[in-house]
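With the hints as your guide, set chain D onto chain P.
In order, the protein sequences belong to chains P and D.
Going by the UniProt record's numbering, 89 is the number at position 89 of the first sequence; the sequence numbering is gapless.
Going by the UniProt record's numbering, 165 is the number at position 165 of the second sequence; the sequence numbering is gapless.
No lab work stands behind these hints, which were simulated from the structure alone.
Hints may be right or wrong, so weigh each one.
[Said to hold, decoys possible] Below 25 Å or equal to it, Euclidean Cα-Cα: the simulated SDA-like pairs (lysine to any residue) are:
#: 1; chain 1: D; residue 1: K427; chain 2: P; residue 2: F55
#: 2; chain 1: D; residue 1: K354; chain 2: P; residue 2: F139
#: 3; chain 1: P; residue 1: K28; chain 2: D; residue 2: A410
#: 4; chain 1: D; residue 1: K185; chain 2: P; residue 2: D53
#: 5; chain 1: D; residue 1: K94; chain 2: D; residue 2: D54
#: 6; chain 1: D; residue 1: K294; chain 2: P; residue 2: F55
#: 7; chain 1: D; residue 1: K427; chain 2: P; residue 2: V82
#: 8; chain 1: P; residue 1: K28; chain 2: D; residue 2: L416
#: 9; chain 1: D; residue 1: K427; chain 2: P; residue 2: T20
[To be verified] Here are some chain D residues the structure puts well away from chain P; computed CB gaps all over 10 Å:
#: 10; residue: F67
#: 11; residue: E110
#: 12; residue: L196
#: 13; residue: K326
#: 14; residue: R394
#: 15; residue: N400
#: 16; residue: V403
C-beta: ideal position from N, C-alpha, C; glycine also.
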Amino acid sequence: MSTESTFKQLNKALTTYFHTIDANINLKIIDIFNLGLVIIAVFQVVFMTLIRDTFPFNAFLSGFICCVSQFVLNVCLRLQMVENFQVVDDSNVLVNPVSDVKKNIALSNEKNNLKKPVSVVAKTESINQKNKISEKRAFAEYLLASLIMHFVCLHFIN
Amino acid sequence: MLLYNLITLLCVCLMNDVCKALSVHPLKTLVVFDSRLTSLQDHSEFLQSLENRDHELVFEQVDHEDFDPQFYFLSEDEHSNLYDNMIIFPIKTKRGSSSLTSSKLLKFYENGGDVLAITSPVGVTDPVRLFLNQLSIYPAPKGYILRDYFNASDEKKNTFAIAGSDSLNDYVFNSSSDAELVYSKGSSALLGSSDLLVPILKAPSTSLNKNVNDEEWTIGSQGYLIAAFQNLKNARMTWVGSDKFFANGLYESNNKAFIEELTKWTFREKSVIKVNGAKHYHADKTSYEELPYKTTDEVVYEILLSEFKDNKWIPYEGTDVQFELKMIDPYYRLTMNAEENVGESKKFTTGVFKLPDHHGVFTFQVDYKRPGLTYVESKSTHAIRNLAHTEYPRSWEITNARVYLCSIFAVIGLWLVFVVAFIATSKKVVNKPTAASKKNN
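For reference, chain P alone in the conformation it holds in the complex (with noise of 0.2 Å):
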């Protein structure tokens, strides 16, 4: 009984992760390149296992903390998104966002089709300056922490 409602939870939470990444593409993309740096982790660390020797050490701190900041940066800037998004949501219902897929996908079909509102896309707006960082400005970071990261890797392998 247990095991068939954690998998009908889990797929229920998967259902709502997919739904939610096909309604944002930015979501969609900042997860597929948090993918590519697992692989590239996990690629350094099988290497370094089957060559049996961590020397150089400082390049491979370099290379693998290189993918660790760089997938907790993208995780940040998500975390942004997916506030700004629910906030969006939480304008219409105040309800849990888990349960409320259907109401998500209709909220980005009326936005994709320009079919929402006015008012609505205002108040959203202004809610979001009032308490949010705006998507522009955390991007600006995020790009701003990336290049400042890649520079010391960049610095630490040599």
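Positioned in the frame of chain P, the structure of chain D alone reads:
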């Protein structure tokens, strides 16, 4: 011109004088004896052989009525010796004991004087015995006689033969012939555990050293008939437990060759080596002064060794000379290879070796101590510096690091693609509603 010639002549004369000396030091030899135990007539051949080797013998008869009990063999401040060598025959009388004390003997030895101490079962005075005890040689006290009931050739069982090839130290006596030595009316000694001892001849396994009360001093091969000691100043002391060993009869018939070698060794006429210079440099011949060493540099160490043999210095032939690179502990201990002769010395080299990957103040040294040879040591201390930060290899020079470097570039590349994609899609997702809102506004 005449003056110049005179000087040259003088130099040649002086050089000849120097060459005449058969040892590394002059050979003024003091012979201390007690005529009641030793007659010089009985040892004339032995003493003659010493004189033939340029020893200047000075005799001191301790039981003579003219003997000054305050005779001197040390200078007044006791920091130098009046003689180069000393031969002590067995002594019975106590008349000389105020000047011939164990501490003065020890001082003489410490100042670099070579000593040949001969005792016999009847002639072991306390000063000589205590002096020997200081050097961890413990000869039997008065009255103990070494006997061999199995192989002795006389009725009293105290004269027996030993093969010359039984010599324990090849630097003292090296003979493959079966010529036999005869040991007669002697005593044996126990040896301590000092590293500076040079055991030379062991007592036969069938021998027994005991006194009239049947108290034993040594049993079988635990005893030694002849033993020597070489101190860290390379002065040598040899003890022989029998004076009959040197007496004319046995000297002529059996013991001549052995005694010659033994006294040559004792008075440093052979088995003496010296360092004629040591140097080390980079594998490409630049010296330390031009370019100090850093970790993992390749360097070479060389040392020149020569040996005093047959009245001259000749290249030393050895196969076990080792070089040590030390910082508290040896980091390397390399056996050196003999190369060509340089003048009177042999060049030993480590070949090219890599310095350890460890910076610090290191000692380049050869510490060559072999029982029977003079101890030589050559040390030089130098700093080995660590790499400056610009001297480490860059990441792309290390093949393994290329993998990690590529993955960083992969991350950056992916990131660039992502940024472009993100901006492109953001316009669709975010900007369109705003554009719409603008329109509606």
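Verification of the hints:
1. In summary, the hint linking K427/D to F55/P is not supported, as the alpha carbons are separated by about 45 Å, beyond the 25 Å threshold.
2. Of the supplied pair hints, the one linking K354/D and F139/P is violated, its CA atoms being roughly 54 Å apart against a limit of 25 Å.
3. Taken as a hint, the K28/P and A410/D pair is honoured in the structure, with Cα atoms around 20 Å apart against an allowance of 25 Å.
4. The straight-line distance between the Cα atoms of K185/D and D53/P is roughly 73 Å, outside the 25 Å bound, and the hint therefore fails.
5. Taken as a hint, the K94/D and D54/D pair is broken in the structure, with Cα atoms around 32 Å apart against an allowance of 25 Å.
6. Between K294/D and F55/P the CA atoms are separated by roughly 21 Å; this keeps the pair inside 25 Å, and the hint holds.
7. Simply put, K427/D and V82/P have alpha-carbon atoms about 17 Å apart, close enough for the 25 Å limit, and the pair holds.
8. Taking the CA atoms of K28/P and L416/D, the gap is about 16 Å. The hint holds against a cut of 25 Å.
9. The straight-line distance between the Cα atoms of K427/D and T20/P is roughly 19 Å, inside the 25 Å bound, and the hint therefore holds.
10. Non-interface status of F67/D relative to chain P is upheld: no Cβ of that chain comes within 10 Å, the nearest being about 80 Å off.
11. For E110/D, the shortest C-beta to C-beta distance to chain P comes to about 55 Å, beyond the 10 Å cut-off, and the non-interface label holds.
12. For L196/D, the condition that its CB be more than 10 Å from all CB atoms of chain P holds, with the nearest at approximately 48 Å.
13. Non-interface call for K326/D relative to chain P: holds, since the shortest CB-CB distance, roughly 28 Å, exceeds 10 Å.
14. Not every beta carbon of chain P lies more than 10 Å from that of R394/D, the smallest distance being close to 6 Å; the non-interface claim is violated.
15. Distance check for N400/D against chain P: the nearest CB is about 6 Å away, which does not clear 10 Å, and the non-interface claim fails.
16. A cut-off of 10 Å between C-beta atoms contradicts the statement that V403/D is not in contact with chain P; the least separation is 5 Å.
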